[in-house]
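Trainee: What follows is the residue order along each chain.
There are 2 protein chains.
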Amino acid sequence: MTSANHFEVLGRDGGARTGSLTTPHGVVRTPAFMPVGTAGAMKGVHWREVREAGADIVLGNTYHLMLRPGAERIAALGGLQKFTGWQGPMLTDSGGFQVMSLSELRKVSETSVTFRSHIDGAKVELSPERSIEVQRLLGSDIAMQMDECVRLPAERADIERAMQLSLRWGERSKRAFETAPDGYMLFGIVQGGDVAGLRQESARGLVDTGFHGYAIGGLAVGEPQSVMLAMIEEVAPILPEERPRYLMGVGTPEDILEAVARGIDMFDCVMPTRNGRHGMAFTRFGQINLRNARHADDPRPLDDESPWPSTRGYARAYLHHLVKSGETLGAMLLSEINIAYYQRLMHDIRDAISKGTFASFRERTRAEWAQGDIPPR
Amino acid sequence: MTSANHFEVLGRDGGARTGSLTTPHGVVRTPAFMPVGTAGAMKGVHWREVREAGADIVLGNTYHLMLRPGAERIAALGGLQKFTGWQGPMLTDSGGFQVMSLSELRKVSETSVTFRSHIDGAKVELSPERSIEVQRLLGSDIAMQMDECVRLPAERADIERAMQLSLRWGERSKRAFETAPDGYMLFGIVQGGDVAGLRQESARGLVDTGFHGYAIGGLAVGEPQSVMLAMIEEVAPILPEERPRYLMGVGTPEDILEAVARGIDMFDCVMPTRNGRHGMAFTRFGQINLRNARHADDPRPLDDESPWPSTRGYARAYLHHLVKSGETLGAMLLSEINIAYYQRLMHDIRDAISKGTFASFRERTRAEWAQGDIPPR
Chain G
81 MTSANHFEVL GRDGGARTGS LTTPHGVVRT PAFMPVGTAG AMKGVHWREV REAGADIVLG
141 NTYHLMLRPG AERIAALGGL QKFTGWQGPM LTDSGGFQVM SLSELRKVSE TSVTFRSHID
201 GAKVELSPER SIEVQRLLGS DIAMQMDECV RLPAERADIE RAMQLSLRWG ERSKRAFETA
261 PDGYMLFGIV QGGDVAGLRQ ESARGLVDTG FHGYAIGGLA VGEPQSVMLA MIEEVAPILP
321 EERPRYLMGV GTPEDILEAV ARGIDMFDCV MPTRNGRHGM AFTRFGQINL RNARHADDPR
381 PLDDESPWPS TRGYARAYLH HLVKSGETLG AMLLSEINIA YYQRLMHDIR DAISKGTFAS
441 FRERTRAEWA QGDIPPR
Chain D
81 MTSANHFEVL GRDGGARTGS LTTPHGVVRT PAFMPVGTAG AMKGVHWREV REAGADIVLG
141 NTYHLMLRPG AERIAALGGL QKFTGWQGPM LTDSGGFQVM SLSELRKVSE TSVTFRSHID
201 GAKVELSPER SIEVQRLLGS DIAMQMDECV RLPAERADIE RAMQLSLRWG ERSKRAFETA
261 PDGYMLFGIV QGGDVAGLRQ ESARGLVDTG FHGYAIGGLA VGEPQSVMLA MIEEVAPILP
321 EERPRYLMGV GTPEDILEAV ARGIDMFDCV MPTRNGRHGM AFTRFGQINL RNARHADDPR
381 PLDDESPWPS TRGYARAYLH HLVKSGETLG AMLLSEINIA YYQRLMHDIR DAISKGTFAS
441 FRERTRAEWA QGDIPPR
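So the protein lines, in turn, are chains G and D.
Counting the first sequence from 1 gives a position; this note's numbering is that position plus 80.
Counting the second sequence from 1 gives a position; this note's numbering is that position plus 80.
I should point out that these hints are in silico values taken from the structure, not numbers from a laboratory.
What you are looking at is a predicted structure, and each value in this text was computed from that prediction instead of being measured.
With a straight-line cut-off of 20 Å between C-alpha atoms, the simulated DMTMM-like cross-links for lysine to aspartate or glutamate are:
1. D:LYS162 with G:GLU407
2. D:LYS187 with D:GLU205
3. G:LYS187 with G:ASP200
4. D:LYS187 with D:ASP238
5. D:LYS162 with G:ASP377
6. D:LYS203 with D:GLU152
7. G:LYS162 with D:GLU407
8. G:LYS203 with G:GLU190
9. D:LYS162 with G:ASP378
10. G:LYS187 with G:ASP238
11. D:LYS162 with G:ASP383
12. G:LYS162 with D:ASP384
13. G:LYS203 with G:GLU152
14. G:LYS203 with G:GLU213
15. D:LYS404 with G:ASP200
16. D:LYS404 with G:GLU152
17. G:LYS162 with D:ASP383
18. G:LYS162 with D:ASP377
19. G:LYS162 with G:GLU213
20. G:LYS162 with G:GLU132
21. D:LYS203 with D:GLU184
22. G:LYS404 with D:ASP200
23. G:LYS162 with D:ASP378
24. G:LYS404 with D:GLU152
25. D:LYS162 with G:ASP384
Starting from the given sequences, assemble the full structure and let the hints guide the process.
Mentor: This is the structure in structure tokens:
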């Protein structure tokens with residue numbers, strides 16, 4: 081692992097930045113939103129649609145992939161890109177977060193986490209070194225260090241213990257990543273819960289270790305948006321200007337807009353596909369619940385000014401019918417529509433930052449969301 | 081309703097024919113296979129993919145659509161094509177078959193069938209006249225007469241009673257269709273179970289009444305293929321040469337090839353999408369079960385000579401993983417791959433008939449299926 085920087089800031093507007101991150105599988109325009117393809121697939125959306133929607137990079141979950149089909153198998157098949165057919169950049173998480181949220185009988189020690197697979201109950205051990213090994217086998221362009229994420233609210237002592245452990249795991253992850261070829265990247269993860277001093281300490285420790293980029297973890301886990309934004313404000317000034325910053329697991333369009341204003345470059349979230357499966361559409365008018373009877377006889381599309389064909393091409397009445405009938409096509413269309421909305425939002429954000437009009441874009445976009453949906457017909 | 085003929089036979093090769101059927105929403109090349117979009121949606125497949133796969137026409141189920149979202153609602157929204165976004169020809173069944181198979185507490189009288197909706201338990205009455213009214217409201221290019229289909233094996237007396245009732249319902253359907261605009265079509269349905277004499281009587285009765293086309297119903301319901309083919313051979317000579325012939329609910333690629341050889345022009349079946357949801361792929365090598373462990377490490381596509389991108393573009397190992405993981409994308413890809421296989425088969429059948437090489441095409445295709453899948457790697 082070299083410490084070479086693959087990120088370039090191309091423009092600044094207030095606290096917001098736009099840039100480009102060069103990975104072995106292509107260039108990522110930032111601010112970037114990464115749709116989540118948990119187990120090597122985007123739920124309900126073809127890869128070709130993810131690409132057409134404008135996504136440069138997607139996220140895969142190490143926890144899922146190591147359990148099934150297995151990292152060694154994917155490596156033998158040529159890596160995640162060849163295996164899935166997604167030919168662009170991929171970031172993988174470390175697996176740690178999902179060990180905590182999905183597996184049973186987990187036990188955290190200084191060395192590693194042991195747990196039982198949620199698929200077949202097999203006992204599995206995941207250490208920072210094994211997590212890096214798995215991510216290297218998967219062939220991900222950006223690997224994440226293993227960390228421990230504490231559920232909020234929590235005692236300060238617990239938050240501090242997990243943050244310190246994550247710092248030590250960060251160092252071990254970096255050592256394990258030494259042999260990775262040039263161009264592949266490793267990101268450290270800032271922890272520290274909702275305690276400003278711990279967040280700062282975590283950020284300083286990671287910068288001392290030195291990573292290709294820095295993520296902020298353990299947020300958007302139920303705390304108010306104001307707490308999340310306050311923590312970003314504590315951490316951002318400590319992180320090196322020239323390195324990419326990634327806010328993990330975030331979030332709503334509102335969260336993204338505010339985090340970009342505070343200097344965040346990368347995001348990921350299951351929200352576009354998960355909410356799509358539950359009948360929700362993200363639009364210029366805010367979130368729209370297609371399950372609502374107000375749409376049953378409405379021939380109008382979700383947004384007749386959208387550049388995405390499905391957003392302006394299908395009647396609300398049809399989407400309502402598909403959702404009410406439990407037709408897969410409803411989840412497919414809404415997931416695709418939502419991914420396209422998020423990607424369009426990122427495109428417009430990048431554009432506004434480049435032109436120096438981000439402040440007015442942010443106000444206008446928030447006003448449109450606040451105005452709500454068009455009146456029912 | 082005029083008795084104008086919208087079908088043209090363009091070529092003959094043995095008993096097989098190729099032709100074109102002109103509907104208000106476009107031309108259907110025959111022999112044609114109609115994918116089934118039950119409730120206004122193809123399960124797991126976008127309409128754009130159905131079109132790209134080469135389908136000229138799709139089938140919608142009157143029973144499902146009249147219960148939800150309702151025929152009057154679809155009419156107010158501009159008809160099925162406008163509602164769903166499928167801009168091509170549509171055939172609808174009468175609803176009768178699914179009343180028998182899906183609803184509860186059904187009661188058949190001379191006048192109509194009364195039943196309880198499988199969705200909300202509401203009591204609904206469906207008569208031949210109401211079935212036509214519903215199909216007209218849906219705006220289908222080809223409506224089917226209401227009939228009664230008896231489950232085989234059955235007593236001859238029961239088969240005969242249902243066949244005679246279907247003949248009377250055919251006459252009533254035709255009267256109800258009188259006001260339909262030019263270009264829209266009504267097909268009669270031959271019944272008579274597995275009794276040659278009853279099949280002939282049914283066909284003669286329908287021809288006396290006069291329809292735009294003739295369907296053969298009540299087959300592919302569990303009887304041996306030989307019985308199905310024998311019934312086609314009884315009926316086909318009675319049906320007018322110049323009118324289209326539609327074998328309902330059929331079937332496997334093998335069934336289609338044999339029925340085409342006996343003069344059938346149209347088919348429909350849920351098999352491509354249903355089997356796709358169960359991990360099965362239709363290919364040149366026959367049906368392939370992707371759930372089978374032999375595919376877990378196989379980097380090869382289903383068929384590297386297929387013209388369909390997903391058939392030659394995804395590793396068997398990936399499809400296996402998606403199926404085993406229950407990922408929606410697995411069902412989506414296999415459903416699309418299967419629809420494309422069926423459409424390619426129909427394309428090749430039409431091509432062979434045009435060139436007068438249908439007999440050798442049929443032998444070669446059956447030999448490929450019989451040879452089975454490529455050896456595991």
